[in-house]
Amino acid sequence: MSFRAYLCLALAATALLGGCAAAPRAPATSLAEAGVKATASFSAEVRETQAQLGGIEVGDAFTATLRQCSNPKLTCREVVEPAALSDERRRLAAVVGLRARALDKLGAAYAALQTEAAYDQGADLSGAAGDAVTAANAFAAEAARLDRGVTPSAVPTAVASLADFGFGLLGEQLQRKRLLKASREIARATLLVRNGMVAEAGSFDRLTQYLVGERTSARITLMKAGYLSTDDVMKEVAQQLNLTLTVPDPSSESYRMAIQASLRALAQQEVIETQERYRAGIAALGALLQSHAQLEKGKPISIAGVEAVLTRLDASLAAAAPPPPPPPPGH
Amino acid sequence: MDSSTPGERLAVIFKAYSIARDQQDNDIALADSDQEADAVRSNLASLQLAYLRAERSQLEANGAAVESAYQAAESATDDVEHAYRSGAALADRIRAVSGAVTAVASLAAKASALA
Chain R
140 MSFRAYLCLA
150 LAATALLGGC
160 AAAPRAPATS
170 LAEAGVKATA
180 SFSAEVRETQ
190 AQLGGIEVGD
200 AFTATLRQCS
210 NPKLTCREVV
220 EPAALSDERR
230 RLAAVVGLRA
240 RALDKLGAAY
250 AALQTEAAYD
260 QGADLSGAAG
270 DAVTAANAFA
280 AEAARLDRGV
290 TPSAVPTAVA
300 SLADFGFGLL
310 GEQLQRKRLL
320 KASREIARAT
330 LLVRNGMVAE
340 AGSFDRLTQY
350 LVGERTSARI
360 TLMKAGYLST
370 DDVMKEVAQQ
380 LNLTLTVPDP
390 SSESYRMAIQ
400 ASLRALAQQE
410 VIETQERYRA
420 GIAALGALLQ
430 SHAQLEKGKP
440 ISIAGVEAVL
450 TRLDASLAAA
460 APPPPPPPPG
470 H
Chain G
388 MDSSTPGERL
398 AVIFKAYSIA
408 RDQQDNDIAL
418 ADSDQEADAV
428 RSNLASLQLA
438 YLRAERSQLE
448 ANGAAVESAY
458 QAAESATDDV
468 EHAYRSGAAL
478 ADRIRAVSGA
488 VTAVASLAAK
498 ASALA
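Which chain is which? The protein sequence lines are R and G, in order.
Each position in the first sequence, counted from 1, maps to that position plus 139 in my numbering.
Each position in the second sequence, counted from 1, maps to that position plus 387 in my numbering.
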C-alpha cells in the first residue's frame with residue numbers, strides 16, 4: 140500500500156474517535172491502529188533514504204569507469220571513489236537510521252496500546268511506551284544536534300509542546316485509567332519524534348536533493364553511453380504534455396539535450412514529492428497527537444487542518460503516480 | 388550585517404558540489420590527460436566529502452572568521468558557476484572548482500563547533 144494511502148487510512152481512523160470518551164477502549168483501538176499505520180509508513184520512507192545513502196558507491200564505480208573509458212585520450216582503467224566518501228555516507232546513513240528506529244519503537248508502543256485496548260489483557264504497555272520514549276529521546280537529541288548544533292536535555296521545545304496539542308488543561312483523574320495513562324506516555328514519544336522530524340526537515344531536504352542528484356547524474360551518463368533507454372523519459376514527457384510524440388532522430392544532439400533537460404526537471408519533481416511526503420508524515424504525527432488529546436477529553440476529533448494538507452498532497456502525488464496496472468483478463 | 392545561518396552554510400557547500408557534479412560528464416569527456424581527469428575527480432570527491440561531513444557535523448560556530456569564510460565560499464561557488472556558464476576552458480574550470488574546494492573546507496573548519 141502506498142504511503143499516501145496509509146496516511147489516509149490513518150487519518151480516517153483517527154476521525155472515527157469522536158464521542159466515545161465514556162468508553163475509551165474503542166477509540167483507543169482506533170487511535171492505536173492509526174498510530175501503527177502512520178509510523179510504519181513514515182519509517183518505510185525514512186529507511187528508503189537510509190538505504191539509498193548506503194548504496195551509492197556501486198553505481199558510482201560503474202559510471203565513473205564508464206566516463207574514464209569513454210574518452211580515448213585517457214587510460215581505460217577502473218575508477219573507484221575514495222573510501223572516505225563511502226565511510227562518510229555510511230555514518231550519515233546510521234544517523235538517518237535513528238529516525239526509523241524511533242518510529243519503529245513508537246509503532247511498537249501503538250501496537251501494545253492496540254492489544255491492551257482490544258483485549259483488556261496484560262500487554263506490556265509500560266515497557267513499550269518506555270522504549271518508545273527512550274528511542275524518541277535519542278532520535279530527538281541526534282536530530283537537534285544535526286540541525287541546530289546543540290544536544291538538548293529534552294526535545295527542542297521551541298518546535299512544539301504537548302500543550303500546543305491541547306494537553307495542558309486535562310484533569311489528573313483521567314490519568315488514573317491505564318489506557319489514558321499509556322496514551323499520554325505514547326503521545327509524549329510521538330511528540331518527541333515529531334519535533335525531531337521538524338528540526339531535521341532541512342537536513343532531509345538537502346539529502347533528498349543529494350540522492351536524487353546522484354541518481355540523475357548516473358542516469359545521464361548511462362543514457363549518453365547508450366546503456367539506458369530514453370523511452371521512460373520520453374513517456375513521462377509525453378504524459379505531462381498530454382501529447383503523442385515521435386522521435387525523428389534519436390542520435391541528434393537536440394534530442395539528447397532535450398532528454399537531459401527533461402531528466403533534470405523530472406528529478407526536481409521527485410525531490411519535491413519526497414519532501415512533501417516527509418511533511419505529510421509530520422502532519423500525520425501531529426494528527427495523532429491531537430487524537431490523543433481528544434481521547435483524553437472525550438471530545439469529537441477534528442482533522443480538518445490535516446485534511447487540507449493531504450488534499451494538497453493528493454493533488455501533487457496524483458500527477459506523479461504511476462498509472463494503475465491493467466485489469467486482469469476477463470474484467 | 389546579518390550573520391549566515393548553518394542552513395545557508397550547508398547550502399553553499401552543497402551548491403558548489405552539485406554544480407561540479409552535474410558537469411563531470413563534460414569535464415571527463417574533455418580531459419586531455421589522466422592527470423586532468425584525476426584532478427576533476429579529486430575536486431569533486433573533496434566537495435562531496437565536505438558536504439557529507441557538514442551535514443553530519445555542526446556548522447553552528449559564529450564570528451567574523453566564519454562570516455569571512457562563508458563569503459569566500461559564496462564567491463568561490465559563484466566563480467565555479469561562472470566558469471561553467473561562460474564555457475571556460477577545462478583547465479580554468481578545474482582551477483575554479485579547486486578554489487571552491489579550498490574555500491568550502493575553510494568554511495566547514497571554521498563553522499564547525501567540533502573543530
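FYI, nobody ran anything at the bench for these hints, they're computed from the structure.
Note that CB positions come from ideal geometry on N, CA and C, so glycine has one too.
Mixed in with the good hints there might be a few duds.
Restraint ranges, calculated between C-beta atoms of paired labels, are given here [claimed, not checked]: (1) Ala404(R) x Gly394(G): 48 to 54 Å; (2) Gln458(G) x Met396(R): 42 to 48 Å; (3) Pro211(R) x Ala478(G): 17 to 23 Å; (4) Gln407(R) x Gln422(G): 30 to 36 Å; (5) Ala432(G) x Lys320(R): 49 to 55 Å; (6) Thr489(G) x Ala364(R): 29 to 35 Å; (7) Ser473(G) x Pro389(R): 29 to 35 Å; (8) Ala432(G) x Ala233(R): 31 to 37 Å; (9) Asp465(G) x Lys320(R): 38 to 44 Å; (10) Leu384(R) x Ala432(G): 55 to 61 Å; (11) Gly450(G) x Leu380(R): 24 to 30 Å.
Capping the alpha-carbon separation at 25 Å, the derived lysine to any residue pairs in SDA-like fashion look like this [said to hold, decoys possible]: (12) Lys402(G) x Thr254(R); (13) Lys402(G) x Ile481(G); (14) Lys402(G) x Lys374(R); (15) Lys374(R) x Leu350(R); (16) Lys402(G) x Thr383(R); (17) Lys402(G) x Glu412(R); (18) Lys374(R) x Ala340(R).
Here is what the structure says about each hint:
1. Ala404(R) x Gly394(G): 48 to 54 Å: violated (25 Å)
2. Gln458(G) x Met396(R): 42 to 48 Å: Hint violated: Cβ distance 35 Å, outside 42 to 48 Å.
3. Pro211(R) x Ala478(G): 17 to 23 Å: Check passed, 20 Å falls within 17 to 23 Å.
4. Gln407(R) x Gln422(G): 30 to 36 Å: Because 35 Å falls inside the window, the suggested range holds.
5. Ala432(G) x Lys320(R): 49 to 55 Å: This hint holds: roughly 53 Å between Cβ atoms.
6. Thr489(G) x Ala364(R): 29 to 35 Å: Holds - the Cβ-Cβ distance for Thr489(G) and Ala364(R), about 32 Å, lies within 29 to 35 Å.
7. Ser473(G) x Pro389(R): 29 to 35 Å: holds (30 Å)
8. Ala432(G) x Ala233(R): 31 to 37 Å: 21 Å Cβ-Cβ, so the 31 to 37 Å window is violated.
9. Asp465(G) x Lys320(R): 38 to 44 Å: Taking Cβ atoms as reference, Asp465(G) and Lys320(R) lie about 58 Å apart, which means the hint is violated.
10. Leu384(R) x Ala432(G): 55 to 61 Å: violated (39 Å)
11. Gly450(G) x Leu380(R): 24 to 30 Å: Given about 52 Å between the Cβ atoms, the range is violated.
12. Lys402(G) x Thr254(R): The given pair, whose Cα atoms are some 49 Å apart, is violated under the 25 Å limit.
13. Lys402(G) x Ile481(G): holds (16 Å)
14. Lys402(G) x Lys374(R): Not satisfied, since the Cα-Cα distance of roughly 30 Å exceeds 25 Å.
15. Lys374(R) x Leu350(R): holds (23 Å)
16. Lys402(G) x Thr383(R): violated (36 Å)
17. Lys402(G) x Glu412(R): holds (21 Å)
18. Lys374(R) x Ala340(R): violated (32 Å)
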